[in-house]
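Enquirer: Sequence:
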Amino acid sequence: MIRSVLLVIGLSLGLAGCVETQPPAQTLPSTVVPGAHPVDSASAMSLISDICVDTLPRFAKAPAVLAKMPFQQNPQTGTYYHRSLDLSIKLHTDKGRKICSMVFVSKDDPAQLALLIPIAASSQGGGNKIMVGPDMSQSAVALAGGARLTFQPIGQNAGKKYYNITVTAAK
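Once you know that position 164 of the sequence shown is 164 in this note's numbering, the rest is easy, because the numbers rise by one and skip nothing.
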(Lines of atoms letter the chains of each structure in order from A; the text may use other names.)
(Lines give C-alpha, C1' and ligand atoms only; values in the text may rest on other atoms or scores of the structure.)
Protein backbone atom coordinates (compact mmCIF):
# COMPACT_ATOMS: atom_id res chain seq x y z
CA MET A 1 0.00 0.00 0.00
CA ILE A 2 2.73 2.42 0.97
CA ARG A 3 4.63 1.34 -2.09
CA SER A 4 1.59 2.21 -4.28
CA VAL A 5 1.20 5.62 -2.69
CA LEU A 6 4.90 6.36 -3.14
CA LEU A 7 4.68 5.25 -6.77
CA VAL A 8 1.73 7.58 -7.43
CA ILE A 9 3.51 10.48 -5.70
CA GLY A 10 6.71 9.76 -7.64
CA LEU A 11 4.85 9.64 -10.96
CA SER A 12 2.97 12.84 -10.12
CA LEU A 13 6.17 14.66 -9.26
CA GLY A 14 7.85 13.32 -12.38
CA LEU A 15 5.00 14.49 -14.60
CA ALA A 16 4.86 17.85 -12.86
CA GLY A 17 8.51 18.35 -13.77
CA CYS A 18 7.61 17.89 -17.47
CA VAL A 19 4.97 20.60 -17.47
CA GLU A 20 6.22 24.12 -17.95
CA THR A 21 4.40 26.41 -15.58
CA GLN A 22 4.05 30.11 -16.12
CA PRO A 23 2.00 32.57 -14.18
CA PRO A 24 -1.02 33.84 -16.14
CA ALA A 25 -0.46 37.05 -18.06
CA GLN A 26 -1.72 40.02 -16.13
CA THR A 27 -3.13 43.19 -17.51
CA LEU A 28 -2.06 45.85 -15.09
CA PRO A 29 -3.94 49.10 -14.93
CA SER A 30 -2.09 51.96 -16.55
CA THR A 31 -0.66 54.66 -14.36
CA VAL A 32 -1.02 57.14 -17.22
CA VAL A 33 -3.80 59.50 -16.15
CA PRO A 34 -4.57 63.18 -16.68
CA GLY A 35 -3.34 65.91 -14.38
CA ALA A 36 -5.52 67.55 -11.76
CA HIS A 37 -5.71 71.19 -12.83
CA PRO A 38 -8.67 72.59 -14.79
CA VAL A 39 -8.00 74.09 -18.22
CA ASP A 40 -8.61 77.79 -18.89
CA SER A 41 -9.99 78.96 -22.24
CA ALA A 42 -6.63 80.36 -23.44
CA SER A 43 -4.87 77.03 -22.82
CA ALA A 44 -7.69 75.08 -24.47
CA MET A 45 -7.48 77.34 -27.55
CA SER A 46 -3.72 77.04 -27.76
CA LEU A 47 -3.61 73.26 -27.31
CA ILE A 48 -6.39 72.44 -29.78
CA SER A 49 -4.79 74.76 -32.34
CA ASP A 50 -1.24 73.43 -31.92
CA ILE A 51 -2.13 69.74 -31.73
CA CYS A 52 -5.17 69.37 -33.98
CA VAL A 53 -5.80 72.38 -36.23
CA ASP A 54 -2.16 72.98 -37.20
CA THR A 55 -1.63 69.27 -38.02
CA LEU A 56 -4.55 69.01 -40.45
CA PRO A 57 -5.42 67.44 -42.85
CA ARG A 58 -4.49 64.01 -41.43
CA PHE A 59 -2.98 64.84 -37.99
CA ALA A 60 0.17 62.95 -39.02
CA LYS A 61 2.39 65.43 -37.17
CA ALA A 62 0.24 65.47 -34.01
CA PRO A 63 2.22 62.71 -32.20
CA ALA A 64 5.46 64.67 -32.73
CA VAL A 65 3.79 67.84 -31.41
CA LEU A 66 2.49 65.93 -28.37
CA ALA A 67 5.96 64.48 -27.74
CA LYS A 68 7.32 68.02 -27.27
CA MET A 69 4.64 68.85 -24.71
CA PRO A 70 3.97 67.49 -21.21
CA PHE A 71 1.82 64.60 -22.47
CA GLN A 72 2.15 60.90 -21.80
CA GLN A 73 0.45 58.22 -23.90
CA ASN A 74 -1.54 55.42 -22.32
CA PRO A 75 -0.15 52.28 -24.00
CA GLN A 76 -3.46 50.42 -23.77
CA THR A 77 -5.81 53.06 -25.20
CA GLY A 78 -3.49 55.27 -27.24
CA THR A 79 -4.93 58.33 -25.48
CA TYR A 80 -2.50 61.12 -24.61
CA TYR A 81 -2.86 62.64 -21.12
CA HIS A 82 -1.50 66.00 -20.02
CA ARG A 83 0.67 65.63 -16.94
CA SER A 84 -0.63 68.65 -15.03
CA LEU A 85 -3.92 69.62 -16.72
CA ASP A 86 -7.10 67.55 -16.55
CA LEU A 87 -7.04 67.04 -20.31
CA SER A 88 -6.68 64.21 -22.83
CA ILE A 89 -6.15 63.96 -26.59
CA LYS A 90 -7.26 61.05 -28.75
CA LEU A 91 -6.28 60.58 -32.41
CA HIS A 92 -8.47 58.08 -34.24
CA THR A 93 -10.45 57.32 -37.38
CA ASP A 94 -14.23 57.03 -37.60
CA LYS A 95 -16.07 56.15 -40.80
CA GLY A 96 -12.99 56.94 -42.86
CA ARG A 97 -12.46 60.37 -41.29
CA LYS A 98 -9.41 61.28 -39.22
CA ILE A 99 -10.34 62.80 -35.87
CA CYS A 100 -8.40 64.70 -33.22
CA SER A 101 -10.44 64.96 -30.03
CA MET A 102 -9.69 66.80 -26.80
CA VAL A 103 -11.60 66.20 -23.55
CA PHE A 104 -10.91 68.55 -20.66
CA VAL A 105 -12.18 69.98 -17.39
CA SER A 106 -12.70 73.73 -17.14
CA LYS A 107 -14.14 76.20 -14.67
CA ASP A 108 -14.60 78.82 -17.42
CA ASP A 109 -18.05 79.84 -18.61
CA PRO A 110 -19.32 77.37 -21.25
CA ALA A 111 -20.57 80.21 -23.48
CA GLN A 112 -17.12 81.83 -23.38
CA LEU A 113 -15.49 78.52 -24.33
CA ALA A 114 -18.08 77.90 -27.06
CA LEU A 115 -17.26 81.25 -28.69
CA LEU A 116 -13.52 81.66 -28.12
CA ILE A 117 -12.36 78.22 -29.22
CA PRO A 118 -13.91 78.29 -32.72
CA ILE A 119 -12.82 81.92 -33.18
CA ALA A 120 -9.22 80.94 -32.46
CA ALA A 121 -9.42 77.92 -34.78
CA SER A 122 -11.09 79.83 -37.63
CA SER A 123 -8.44 82.55 -37.47
CA GLN A 124 -5.96 79.93 -38.66
CA GLY A 125 -7.37 79.63 -42.15
CA GLY A 126 -10.86 78.46 -41.41
CA GLY A 127 -14.25 79.80 -42.25
CA ASN A 128 -15.78 82.91 -40.83
CA LYS A 129 -19.17 81.40 -40.04
CA ILE A 130 -19.32 80.13 -36.48
CA MET A 131 -22.50 78.33 -35.52
CA VAL A 132 -23.52 78.51 -31.87
CA GLY A 133 -26.28 76.46 -30.24
CA PRO A 134 -29.37 78.16 -28.81
CA ASP A 135 -28.13 77.86 -25.23
CA MET A 136 -24.66 79.22 -26.19
CA SER A 137 -22.92 76.08 -24.89
CA GLN A 138 -22.22 74.33 -28.21
CA SER A 139 -20.50 75.60 -31.33
CA ALA A 140 -19.05 74.55 -34.66
CA VAL A 141 -16.94 76.12 -37.38
CA ALA A 142 -15.79 75.00 -40.81
CA LEU A 143 -12.01 74.91 -41.15
CA ALA A 144 -9.72 74.98 -44.17
CA GLY A 145 -9.84 72.01 -46.52
CA GLY A 146 -13.31 70.88 -45.48
CA ALA A 147 -12.38 70.08 -41.87
CA ARG A 148 -14.73 70.94 -39.03
CA LEU A 149 -14.31 71.88 -35.36
CA THR A 150 -17.07 71.27 -32.84
CA PHE A 151 -17.25 72.20 -29.17
CA GLN A 152 -19.71 70.81 -26.65
CA PRO A 153 -20.12 70.15 -22.95
CA ILE A 154 -20.20 66.42 -22.19
CA GLY A 155 -21.31 66.39 -18.57
CA GLN A 156 -20.27 66.63 -14.96
CA ASN A 157 -18.55 64.17 -12.67
CA ALA A 158 -17.52 64.76 -9.07
CA GLY A 159 -18.28 68.47 -9.44
CA LYS A 160 -16.05 68.85 -12.52
CA LYS A 161 -17.45 70.10 -15.84
CA TYR A 162 -16.15 68.18 -18.86
CA TYR A 163 -15.98 69.51 -22.41
CA ASN A 164 -15.07 68.07 -25.79
CA ILE A 165 -13.48 69.74 -28.80
CA THR A 166 -13.36 67.59 -31.92
CA VAL A 167 -11.53 68.43 -35.12
CA THR A 168 -12.69 66.19 -37.95
CA ALA A 169 -10.73 66.11 -41.20
CA ALA A 170 -12.46 65.99 -44.57
CA LYS A 171 -12.64 62.56 -46.21
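Some hints could be false.
Lysine-lysine pairs mimicking DSS-like chemistry, simulated, CA-CA at most 25 Å apart [to be verified]: (1) LYS61 / LYS90; (2) LYS171 / LYS61; (3) LYS129 / LYS68.
Honestly, the hints are just simulated from the structure, not real lab data. Just so you know, these numbers come straight off a predicted model, no measurement behind them.
Enquirer: Now tell me if each hint is right for this structure.
Expert: Status of the hints after comparison with the structure:
About 14 Å separates the Cα atoms of LYS61 and LYS90, which keeps this hinted pair within 25 Å; it holds. Between the alpha carbons of LYS171 and LYS61 the distance comes to roughly 18 Å, so the proposed pair stays at or under 25 Å and holds. The hinted pair formed by LYS129 and LYS68 fails the criterion: a straight-line CA distance of about 32 Å is larger than 25 Å.
The structure shown violates just one earlier hint, number 3.
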